[in-house]
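Trainee: Residues per chain, in single letters:
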Amino acid sequence: MADKSSSHAYWQANVRVILISLAIWFICSFGMGIILRPALKGISVGGADLGFWMAQNGSIYVFLVLIFAYAAKMNKLDREHGVEE
Amino acid sequence: MDQFTLNLIVVGLTFALYIGIAIWARAGSTAEFYAAGRGVNPIMNGMATGADWMSAASFISMAGIIALAPAGGYTQSAFLMGWTGGYVLLALLLAPYLRKFGKFTVPEFIGDRFYSGTARLVAVVCLIVISVTYVIGQMRGVGVTFSRFLEVSTDMGLYIGAAIVFAYAVLGGMKGITYTQVAQYVVLIIAYTIPAIFISLNLTGSFLPQLGLIGSYVPQGGDVSMLQKLDQVVTELGFTAYTADTSNMFNMILFTMSLMIGTAGLPHVIIRFFTVPRVADARSSAGWALVFIALLYTVAPAVGAMARLNLTTTFWPNAVAGNALDGDALSLEAINSDPNLSWINTWKATGLLQFEDLNGDGKIQYYNDKNEAVAAIATERGWAGNEVTKIDNDIMVLANPEIARLPGWVIALVAAGGLAAALSTAAGLLLAISSAISHDLIKGSINPNISEKGELLAARISMAFAIVVATYLGLNPPGFAAQVVALAFGLAAATIFPALMMGIFSKRINKEGAIAGMLAGLVFTAVYIFLYLGWFFIPGTNVYENVPANHFFGISPLSIGTVGAVVNFGVAYVISAMTKEPPQEVVDLVESIRIPKGAGAATHH
Numbered sequence: 001m002a003d004k005s006s007s008h009a010y011w012q013a014n015v016r017v018i019l020i021s022l023a024i025w026f027i028c029s030f031g032m033g034i035i036l037r038p039a040l041k042g043i044s045v046g047g048a049d050l051g052f053w054m055a056q057n058g059s060i061y062v063f064l065v066l067i068f069a070y071a072a073k074m075n076k077l078d079r080e081h082g083v084e085e
Numbered sequence: 001m002d003q004f005t006l007n008l009i010v011v012g013l014t015f016a017l018y019i020g021i022a023i024w025a026r027a028g029s030t031a032e033f034y035a036a037g038r039g040v041n042p043i044m045n046g047m048a049t050g051a052d053w054m055s056a057a058s059f060i061s062m063a064g065i066i067a068l069a070p071a072g073g074y075t076q077s078a079f080l081m082g083w084t085g086g087y088v089l090l091a092l093l094l095a096p097y098l099r100k101f102g103k104f105t106v107p108e109f110i111g112d113r114f115y116s117g118t119a120r121l122v123a124v125v126c127l128i129v130i131s132v133t134y135v136i137g138q139m140r141g142v143g144v145t146f147s148r149f150l151e152v153s154t155d156m157g158l159y160i161g162a163a164i165v166f167a168y169a170v171l172g173g174m175k176g177i178t179y180t181q182v183a184q185y186v187v188l189i190i191a192y193t194i195p196a197i198f199i200s201l202n203l204t205g206s207f208l209p210q211l212g213l214i215g216s217y218v219p220q221g222g223d224v225s226m227l228q229k230l231d232q233v234v235t236e237l238g239f240t241a242y243t244a245d246t247s248n249m250f251n252m253i254l255f256t257m258s259l260m261i262g263t264a265g266l267p268h269v270i271i272r273f274f275t276v277p278r279v280a281d282a283r284s285s286a287g288w289a290l291v292f293i294a295l296l297y298t299v300a301p302a303v304g305a306m307a308r309l310n311l312t313t314t315f316w317p318n319a320v321a322g323n324a325l326d327g328d329a330l331s332l333e334a335i336n337s338d339p340n341l342s343w344i345n346t347w348k349a350t351g352l353l354q355f356e357d358l359n360g361d362g363k364i365q366y367y368n369d370k371n372e373a374v375a376a377i378a379t380e381r382g383w384a385g386n387e388v389t390k391i392d393n394d395i396m397v398l399a400n401p402e403i404a405r406l407p408g409w410v411i412a413l414v415a416a417g418g419l420a421a422a423l424s425t426a427a428g429l430l431l432a433i434s435s436a437i438s439h440d441l442i443k444g445s446i447n448p449n450i451s452e453k454g455e456l457l458a459a460r461i462s463m464a465f466a467i468v469v470a471t472y473l474g475l476n477p478p479g480f481a482a483q484v485v486a487l488a489f490g491l492a493a494a495t496i497f498p499a500l501m502m503g504i505f506s507k508r509i510n511k512e513g514a515i516a517g518m519l520a521g522l523v524f525t526a527v528y529i530f531l532y533l534g535w536f537f538i539p540g541t542n543v544y545e546n547v548p549a550n551h552f553f554g555i556s557p558l559s560i561g562t563v564g565a566v567v568n569f570g571v572a573y574v575i576s577a578m579t580k581e582p583p584q585e586v587v588d589l590v591e592s593i594r595i596p597k598g599a600g601a602a603t604h605h
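Residue numbers (this note's numbering), protein chains in the order written: chain V, 1 to 85; chain B, 1 to 605.
None of these hints come from the bench; they were simulated from the model.
From a predicted model like this one, the values you see are computed outputs, not experimental measurements.
Every residue, glycine too, gets a C-beta built ideally from N, C-alpha and C.
Mixed in with the good hints there might be a few duds.
[Claimed, not checked] The calculated label-pair distances, taken between Cβ atoms and stated as ranges, are: (1) Ala72(V) <-> Trp24(B): 30 to 38 Å; (2) Asn75(V) <-> Val574(B): 36 to 44 Å; (3) Ser153(B) <-> Arg16(V): 52 to 60 Å; (4) Leu22(V) <-> Gly554(B): 19 to 27 Å; (5) Ser6(V) <-> Asn449(B): 35 to 43 Å; (6) Val65(V) <-> Gly382(B): 22 to 30 Å.
Turn these sequences into a full structure, and let the hints guide you.
Mentor: Written out as structure tokens, the structure reads:
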């Protein structure tokens, strides 16, 4: 196992990546899909408004990109901190 | 060849495939029975998770739930975001750490992390309540699909389905279930996609239903978009606009959140991530799972919107190119003579679609008779109320192949797809239940010295027992089939998810806090649901009528899991702060699961 200070830095970095990812997760679904929908009414996506599309399709695409981006970022962090399997 | 024979052949072939896989993938050890020997490729595991996750409700009902929602299709978006967004939480907050922990069940982690057999038992109780309520719906789904396509009774269908699951789950455990789920995923996604592509081509000219959703409406020349057309047609008939906003944003947020954290807390989904070889694979496998789930979940809203538009313009032929009410409603003569419309009588015979010529004018007027403006027109024209008296949600998916006039084998494939969706989810749930019994109860507390061979036998017997119980409950549902999903998600959100998350992200939460938190979340959530749906779902024992006006702060019983989770977190934090810190070895355990290194070695215990 890596030494204590290194694993602590690794965990801090991980938590930071998680918080940023969760912010994106929240904004694209609860934000654009629900709370901000009335404010985004003016932006039209193929016959409906952006909020409608985000709620029914768009947020799912963001979730997908988000998970793979997180996995890639973590693989890099694992190597940088020498904690990979 | 008639449709029935074709259905039998296609469904029979898929069943033969599942049994073949079961014989090939027999489990030889408990590691194989509980976690498929931790040798599953992350992409394969993603596919298996997709089938595990997508139930009969996702496959058959979801598009219709969105399409026919009285308040408009947008208001049901909570299902789309909630049932996919949960995978982000799984990938970020749970799956990699639980894989690193490297044991077999969810209660086992809770028991070790909170150094308490009591915590483990509380988790087992939560797991069994969640999974058993969920599995009843799946067993019903198997029976209903059988009776609809294969001309057997619902009960007979249930027995056949149970026998198939018995064969591959008892023999192969997680290993057999994993590889059958991969096959079941392929069957269900093909069955869902083919009719969707055809309806999208017909209505929008777009090959991809996802683009069709935001495409233009081709039968009218393509000047107007499909969604605008849909809004225009349904509002003209007095229904709420399809894209109308929700009237209760707060409740929609809580409902979406409840489905998301409920998803991340469902034990049968979590244990799928114990099967991959490495921590990094657990992260990417959650992504692959969402890829395979998104293939259905991004298509479902398109299918819903298009099927609704298609159904409406079928009853109002003039709506295709102009306004519905400028022309006549569909005549009974056309329904009985036009071969393109033969599906209407086919589905009327099943009871999923019902209509009646109330005013005896030989035409079927479909409109919202509660809408004043349209009701005024109706009185003027001598209509006697809405004549399409029932459109079942399920028809939006089940009738699509016939509406698009696709060949008989596609219809047979939809039958096989519905069965695959129900069977794969049932098998996953049954494994979660049986491993909790054999590993957490028998090995964990009743007989810790049981041999490897003995435990494998116990696991098989538990599985057989779980199937018998699920079949019995499927045959005699306790009268709350529709509500059970709400309970399962609410409880998973309020009990398992917070306990796991605190176990990983806090070193300070101790056994007293975790146990009190889980019990508080469980009791709070269950009581709120029971207040509206009856104590233990016994009809007539509810305290309040389940209507929005009676809900506290407008929070429906479906959405209460989010509040239950907050209660769990809060109680656990306060109680932990007042009691003794966890011992050093538990702090070391938390530190070790946070680091991927060394995951391979942790599988044996």
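Trainee: Now tell me, hint by hint, if it's right for this structure.
Mentor: Results for each hint:
no.: 1; hint: Ala72(V) <-> Trp24(B): 30 to 38 Å; result: holds, 34 Å
no.: 2; hint: Asn75(V) <-> Val574(B): 36 to 44 Å; result: holds, 38 Å
no.: 3; hint: Ser153(B) <-> Arg16(V): 52 to 60 Å; result: holds, 58 Å
no.: 4; hint: Leu22(V) <-> Gly554(B): 19 to 27 Å; result: holds, 26 Å
no.: 5; hint: Ser6(V) <-> Asn449(B): 35 to 43 Å; result: holds, 40 Å
no.: 6; hint: Val65(V) <-> Gly382(B): 22 to 30 Å; result: violated, 56 Å
Checked against the numbered hints listed earlier, the structure breaks hint 6 alone; every other hint is satisfied.
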